[in-house]
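One line per chain: the protein sequences are G and C, in this order. All residue numbers for the first sequence refer to the numbering used here, where the first residue is 1 and numbers rise by one. All residue numbers for the second sequence refer to the numbering used here, where the first residue is 1 and numbers rise by one.
What the hints contain is simulated information worked out from the structure, not anything from laboratory work. Careful, some of the hints might be misleading.
Computed from the model, here is a short list of chain G residues facing chain C with C-beta under 8 angstroms [unchecked claim]:
{"#": "1", "residue": "Arg239"}
{"#": "2", "residue": "Val299"}
{"#": "3", "residue": "Ala301"}
Sample of chain G residues with no beta-carbon within 12 angstroms of chain C, all distances over it, derived [unchecked claim]:
{"#": "4", "residue": "Ser100"}
{"#": "5", "residue": "Glu280"}
{"#": "6", "residue": "Glu359"}
Below, simulated DSS-like cross-link-like pairs (lysine-lysine); rule was C-alpha separation at most 25 angstroms, straight line [unchecked claim]:
{"#": "7", "chain 1": "G", "residue 1": "Lys241", "chain 2": "C", "residue 2": "Lys76"}
{"#": "8", "chain 1": "G", "residue 1": "Lys102", "chain 2": "G", "residue 2": "Lys113"}
{"#": "9", "chain 1": "G", "residue 1": "Lys106", "chain 2": "G", "residue 2": "Lys141"}
{"#": "10", "chain 1": "C", "residue 1": "Lys76", "chain 2": "G", "residue 2": "Lys132"}
{"#": "11", "chain 1": "G", "residue 1": "Lys25", "chain 2": "G", "residue 2": "Lys77"}
{"#": "12", "chain 1": "G", "residue 1": "Lys28", "chain 2": "G", "residue 2": "Lys241"}
Ideal Cβ positions, reconstructed from N, Cα and C, are used throughout, including at glycine.
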Amino acid sequence: MSKEQLTVVGGGLVGAAIAYGAARKGAKVRVLDQGDAAFRASRGNFGLVWLSSKGGGMPRYARWTRDAIRQWPELHKELLEVTGVDSGLEQNGGFWLGFSEKEVEKRANLLAKIHDEVGDIPFQMMDHSELKQYLPGIGPKVVGGSFGAHDGHANPLMLLRALHAGLNEKGAEVITGADVVDLQHRENSGFIVTARDGQSWKSDRLVLAAGLGISKLAEKVGLYAPVTTTRGQVLITERLKPFIPYPTNKARQTQEGSVQIGSTSEDVGFDDRTTTDKIEWLAKRAVDTFPSLANARLVRAWGALRPLTPDGYPIYQASEACPGAYAVICHSGVTLASIHASAIGPWMSGLAEAPEEFETFRSERFLDPNASFTNDH
Amino acid sequence: MTISFEGKNLEVPAGISVASALLAGGARDFRSSIVGNAPRAPYCMMGVCFECLLEIDGVPARQSCLITVRDGMKIKQQLGAPELEDINAGVNHE
Ligand code: FES
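For reference, chain G alone in the conformation it holds in the complex (with noise of 0.2 angstroms):
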């Protein structure tokens, strides 16, 4: 039997994970990246690796992060074994930091009802004193906080490299500056993929992990795909002596000393741009929590789109009308990085069942008439 031909539109952390995923079983794997006219929220993000408060209106998706999490070590040490790349993790837990009583409780009550509800998402609550153990730069206005041993962050810009690399050493074909406009189905036949420049590719298999562009493109395969975006502001400073040992909510200092302060979540639009009046909040915000950073100079300001659903959690998805295609929306591309290989890259090239209790991910969700959505979390 001839392997199937997988195409995974979309080569950022999300369609790159699931592409390396597919590959990695032997599949016949074409990703197409659109290039730098993209919004690139994988060249955005803020890192993390991150655990902690997640999936508390959805404890399916708790434990999928959960399980990513778990995973995360074994894809860092596979692609640094396979590619040389090494992706940046550190996972010797996270800090949540609070500035109120209040604020601090609300955090203890929610992490208490994610640890009921899917079991073993333990965390620990501390007091400033308990922090400054840990932490010792906070500074006084920071009453309390939480600590997940399981968290961590990442390089995502070398994780998405180590991708690209794997890619290759798994003998998959990425081609870049395939801006695609055009997917038709034909029964029995697959899938043709057609680009902007007349280029096309057949396919027996089709995922779209496209990010922001991906509603459009899912329409033509019979896919309900929503995105909304959120704008990520970040700040980074000059590189210093690390001072800062474990990543927090509200700043985290890289392998290389850089500090990154971050990030603000907006409902903008399409408008990647950054704003005096955020980073204006970000910064005093980061000196509030560790007071020396006032001394610090910056370098750079960025603010990133980040593809979001309505209710924030995560679609991965079936067409029904079309058999072989699958939309994958996501925020979390660094988290969920390891099981998108380990599971999902599989699932869609038809190597493997989907996960479990996977209806909870599906898009039909979304056109409950009675139901109402936030993703503000």
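Fit chain C with the ligand to the given chain G structure using the hints.
Frame of chain G; chain C with the ligand shown alone:
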């Protein structure tokens, strides 16, 4: 005017950047890389690459391609990353 780099005096023309002055004077090792310790020298000469960092008059991690020479400047290599406490010395510098 006279500036010093790593304790050695250099005669340099006024009005040029510290990076230009040192390069013209034969200096090549400006700083050491934070990641691999390799010696580094100015690259872009226009303020974007951060390869030209030096300690100038006690203030660490200054972009020497953006700073004009001044008589009596004492300049040292920037070895590794600066400590935030030391940067404090540079508040209100110039
Ligand atoms: S040489 Fe590039 S910043 Fe100075």
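Here's how the hints hold up against the structure:
1. Arg239: With a minimum Cβ separation of about 5 angstroms from chain C (threshold 8 angstroms), the hint on Arg239 (chain G) holds.
2. Val299: 7 angstroms, holds
3. Ala301: Violated. Min distance 14 angstroms.
4. Ser100: 26 angstroms, holds
5. Glu280: Fine: 19 angstroms to the nearest Cβ keeps Glu280 (chain G) off the interface.
6. Glu359: Nearest chain C Cβ is 46 angstroms from Glu359 (chain G), so the label holds.
7. G:Lys241 with C:Lys76: 18 angstroms, holds
8. G:Lys102 with G:Lys113: 17 angstroms, holds
9. G:Lys106 with G:Lys141: 17 angstroms, holds
10. C:Lys76 with G:Lys132: 35 angstroms, violated
11. G:Lys25 with G:Lys77: 17 angstroms, holds
12. G:Lys28 with G:Lys241: 45 angstroms, violated
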